[in-house]
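Participant: All chains should be modelled from the sequences, with the hints used to inform the complete structure.
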Amino acid sequence: MSSYTEHVTRVLTEDLDHPALGTVAVLTLAPPEGEERRPATLGPQSIEAVTGAIDTALDRAEAGEIGAIALTGTGRVFLAGADLSMFADAQAAGSVPAMTERAHALQVRVRTSPVPVLAHLNGAALGGGLEVALMADVRTAVPGARGIGLPETGLGILPGWGGTTLLQSVVGPETAVRMVLEDPARDKQLSAAQALEIGLVDELAEDLPAALDTFAAIVAAHDDEETEDGADAGSTTAWAGRTAPLPAAGSPEAEELADALDAPHTSAETRRQWAARLETQGAPSVSRALDLLQQLPGSTLEDALAREATALAELAATPGAAGAIHAAELLRHGKPGRRPVEGAREIRSVGVAGAGLMASQIAAQLALGLQVPVIMRDLDAAIAEKGLAHAREVVAEAASRGLLDESAASAVAAGLSVTTDVADLAGCDLVLEAVPEVLAIKRSVFQELEGVLSPEALLVSNTSSLSVAAMAEGLAHPERVVGLHFFNPVAKMPLVEVIHTEQTDDTTLATGLEVVRRLRKFGVRSADAPGFIVNRLLFRVLGAVLASLDAGADPAEVDASLDPLGLPMRPFTLLDLVGLKVADHVGEVLRGELGERFHASPGLHEMAERGGRFTDRVKGAVHAPVSAAVGEVFGTGGASGDAPVGDALLEAVQHGLAEEIGLMLDEHVVESPDQIDLGMILGAGFPRHRGGITPYLDQVGASGRAAGRRFHGDRFARS
1 MSSYTEHVTR VLTEDLDHPA LGTVAVLTLA PPEGEERRPA TLGPQSIEAV TGAIDTALDR
61 AEAGEIGAIA LTGTGRVFLA GADLSMFADA QAAGSVPAMT ERAHALQVRV RTSPVPVLAH
121 LNGAALGGGL EVALMADVRT AVPGARGIGL PETGLGILPG WGGTTLLQSV VGPETAVRMV
181 LEDPARDKQL SAAQALEIGL VDELAEDLPA ALDTFAAIVA AHDDEETEDG ADAGSTTAWA
241 GRTAPLPAAG SPEAEELADA LDAPHTSAET RRQWAARLET QGAPSVSRAL DLLQQLPGST
301 LEDALAREAT ALAELAATPG AAGAIHAAEL LRHGKPGRRP VEGAREIRSV GVAGAGLMAS
361 QIAAQLALGL QVPVIMRDLD AAIAEKGLAH AREVVAEAAS RGLLDESAAS AVAAGLSVTT
421 DVADLAGCDL VLEAVPEVLA IKRSVFQELE GVLSPEALLV SNTSSLSVAA MAEGLAHPER
481 VVGLHFFNPV AKMPLVEVIH TEQTDDTTLA TGLEVVRRLR KFGVRSADAP GFIVNRLLFR
541 VLGAVLASLD AGADPAEVDA SLDPLGLPMR PFTLLDLVGL KVADHVGEVL RGELGERFHA
601 SPGLHEMAER GGRFTDRVKG AVHAPVSAAV GEVFGTGGAS GDAPVGDALL EAVQHGLAEE
661 IGLMLDEHVV ESPDQIDLGM ILGAGFPRHR GGITPYLDQV GASGRAAGRR FHGDRFARS
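For the sequence shown, the positions run 1 to 719 when the numbering used here is used.
None of these hints come from the bench; they were simulated from the model.
Some hints here could point you the wrong way.
Unchecked claim - Derived SDA-like pairs (lysine to any residue); straight-line CA-CA distance at most 25 Å:
1) 492 - 648
2) 492 - 186
3) 581 - 487
4) 619 - 602
5) 188 - 198
6) 492 - 502
7) 492 - 178
8) 188 - 210
9) 335 - 182
10) 386 - 397
11) 188 - 685
12) 492 - 632
13) 492 - 525
14) 619 - 567
15) 335 - 399
16) 386 - 357
17) 188 - 277
18) 492 - 398
19) 492 - 619
20) 619 - 271
21) 386 - 335
22) 335 - 527
What the hints assert, rightly or not - Cβ-Cβ distance ranges computed for the label pairs, FRET-style:
23) 346 - 556: 47 to 57 Å
24) 606 - 668: 32 to 42 Å
25) 455 - 648: 51 to 61 Å
26) 611 - 672: 17 to 27 Å
27) 346 - 563: 13 to 23 Å
28) 597 - 455: 16 to 26 Å
By construction, the Cβ of each residue, glycine as well, lies at the ideal position given by its N, Cα and C atoms.
Facilitator: So this is what it looks like as structure tokens:
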């Protein structure tokens with residue numbers, strides 16, 4: 001039985017008289033009545049409503065009743081594409097082939113329309129919504145429209161309702177290839193101005209009347225050209241302004257398409273090589289889309305759409321699609337809310353204890369997000385001034401990216417200050433410590449702060465692995481202590497782990513969550529447990545890798561063993577990024593707190609003492625080569641039976657992760673697997689096509705073997 005409930009998109013129809021176009025059939029795509037805040041999406045009933053309304057308008061055009069057709073939306077959404085929740089329900093997802101057939105039939109039919117068609121993008125047009133707009137002969141957009149694009153390959157599928165086939169005829173091969181293959185991987189969507197620049201929309205128009213005037217001018221120009229060429233502008237055959245949808249074999253456009261598919265993706269690999277690598281990591285959608293694009297020259301529209309339909313149906317049934325769509329839903333539901341967190345205190349001024357690199361980054365984000373004065377305190381005046389300069393550079397960088405105007409940036413920068421005197425923090429409503437990761441230092445800072453702050457002021461730690469409760473020992477008010485673990489670089493990383501102890505009161509926790517919300521970051525709650533969520537699991541992975549090295553396995557083989565996971569970087573590169581001394585320290589802490597299942601590596605300790613690196617810095621390499629120093633410290637041969645590599649090491653990592661997650665859930669470190677998945681996707685770059693770490697462990701069977709149960713029941717189990 002299906003659990004999917006469709007919010008059926010309505011199509012509101014009216015006729016408008018235009019002096020140049022005649023009667024225009026206007027079709028307005030709208031969410032269900034009473035649900036105006038929802039975006040209009042496409043499910044099985046919705047696509048019947050949308051395509052049926054367009055078919056009816058085409059019938060009227062063929063009968064000579066209207067002179068043009070116009071499509072638009074409501075609010076800030078033209079059409080948001082397929083309803084992703086449909087894909088999470090097996091019965092509902094079974095409707096996709098029929099929906100595709102309906103969309104394709106309309107794509108073919110609209111090309112025979114005797115009247116021109118306009119799509120006026122009043123707002124977001126994503127996925128299937130943009131594919132509906134691609135049916136039109138002319139596209140306009142309101143100047144402020146955002147959220148225009150084809151995100152499907154990032155969802156484990158591909159633009160299967162005409163997008164993969166038709167986009168290149170509108171924007172050209174290079175831009176189409178980038179939009180279909182690469183933009184989804186970068187979470188890139190277009191604004192109206194960007195869509196205009198690449199030719200995806202023809203003109204910008206403030207509203208539908210202005211769009212119709214622009215449309216009329218474009219249509220008239222085409223009709224004039226046809227008349228000059230001897231054609232009959234009043235013909236009842238297909239409107240003559242349309243161009244061929246597919247490139248001819250051997251044409252310049254076909255050559256441009258081939259060149260675009262062979263072009264570099266990065267300095268290290270071509271688009272083809274990248275697509276092939278993703279396929280080996282369980283993400284075949286980019287490779288399938290690339291293959292469809294390659295077959296377009298010389299094809300008929302019907303055959304190209306048939307191949308598109310087959311590819312979409314096959315991809316929709318893959319684990320990669322199930323995982324990617326699950327991840328997309330997690331991110332949609334977990335994103336920062338619009339409403340303040342209930343019960344949070346008002347924050348009028350903030351202090352930061354410390355002025356080093358991490359402290360200054362956090363101070364800048366607090367100033368930008370909270371729009372209140374932020375004062376950093378450090379014992380060393382030179383460090384304090386350097387931290388202030390860096391924080392202001394972060395604000396200037398945000399302004400340069402258009403996140404705020406120059407006037408606002410100047411005000412935020414002016415609200416940042418530094419001091420060496422702890423008494424200057426006395427008036428702060430919240431003080432966050434970002435001092436060295438040593439429990440005694442952090443505890444001392446909290447005790448000093450409690451002596452000058454009001455009893456209601458919050459004490460916040462940015463610790464990445466230490467016990468927040470231990471820091472609060474001896475305080476008169478431990479209930480006002482909470483952890484906010486920011487990830488580095490703070491401006492770019494969207495995750496903050498919100499750490500609550502058994503003594504943290506509701507107001508303090510709510511205020512911590514509200515701070516994260518106002519910074520427009522994702523807050524994931526964690527109990528006060530060693531390593532919290534992300535670091536605990538990352539160091540379970542790194543521990544298995546280092547244990548194999550310590551047992552004598554070949555370093556290059558070890559580093560490549562986890563490639564099938566599709567992580568953003570190999571383990572040795574991650575160790576270098578974390579910093580070997582930090583990694584060594586955190587590994588020791590976790591082993592001391594959680595026991596022998598966390599490996600404390602003698603080899604890592606020696607590498608850290610030497611000040612070495614696990615990888616060499618080489619430009620243009622997909623994976624950084626392993627440093628010779630690793631072989632010198634760990635050895636390169638003589639591995640024992642406890643030194644797994646390749647599939648054996650991957651299976652050991654899967655087992656360790658499943659075991660650890662089972663323990664974290666049993667210990668109520670987090671309340672649900674989804675919170676772990678959100679944390680690992682946003683904090684560790686765990687690949688979205690895996691759906692997060694827990695669906696992946698269900699898919700490979702590790703959760704059943706190591707934790708004794710599947711984390712998501714049968715949803716992601718292997719058939």
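Participant: Each hint needs a verdict: does it hold in this structure or not?
Facilitator: Comparing the hints with the structure gives:
1. 492 - 648: Distance ~34 Å between residue 492 and residue 648 Cα, so the pair is violated.
2. 492 - 186: Roughly 13 Å separates the two Cα atoms, so the pair holds.
3. 581 - 487: holds (17 Å)
4. 619 - 602: Violated. Residue 619 to residue 602 sits at ~30 Å, over the 25 Å cutoff.
5. 188 - 198: Holds. Residue 188 to residue 198 sits at ~14 Å (cutoff 25 Å).
6. 492 - 502: violated (31 Å)
7. 492 - 178: holds (23 Å)
8. 188 - 210: Given that 25 Å is the threshold and the Cα spacing comes to 28 Å, the pair is violated.
9. 335 - 182: holds (23 Å)
10. 386 - 397: holds (17 Å)
11. 188 - 685: holds (17 Å)
12. 492 - 632: Violated, at about 36 Å.
13. 492 - 525: It holds: about 20 Å lies between the C-alpha atoms, which stays within 25 Å.
14. 619 - 567: holds (20 Å)
15. 335 - 399: holds (23 Å)
16. 386 - 357: With a Cα-Cα distance of about 9 Å, the restraint between residue 386 and residue 357 holds, given a limit of 25 Å.
17. 188 - 277: holds (21 Å)
18. 492 - 398: Satisfied, since the Cα-Cα distance of roughly 11 Å is no more than 25 Å.
19. 492 - 619: holds (23 Å)
20. 619 - 271: This hinted pair holds, its Cα atoms lying about 18 Å apart.
21. 386 - 335: Distance ~33 Å between residue 386 and residue 335 Cα, so the pair is violated.
22. 335 - 527: This hinted pair holds, its Cα atoms lying about 20 Å apart.
23. 346 - 556: 47 to 57 Å: Taking Cβ atoms as reference, residue 346 and residue 556 lie about 55 Å apart, which means the hint holds.
24. 606 - 668: 32 to 42 Å: holds (38 Å)
25. 455 - 648: 51 to 61 Å: Hint holds: Cβ distance 56 Å, inside 51 to 61 Å.
26. 611 - 672: 17 to 27 Å: For residue 611 and residue 672 the Cβ distance comes to about 42 Å; the hint is violated.
27. 346 - 563: 13 to 23 Å: violated (49 Å)
28. 597 - 455: 16 to 26 Å: violated (41 Å)
Violation of the numbered hints given earlier is confined to hints 1, 4, 6, 8, 12, 21, 26, 27 and 28; the remaining hints are satisfied by the structure.
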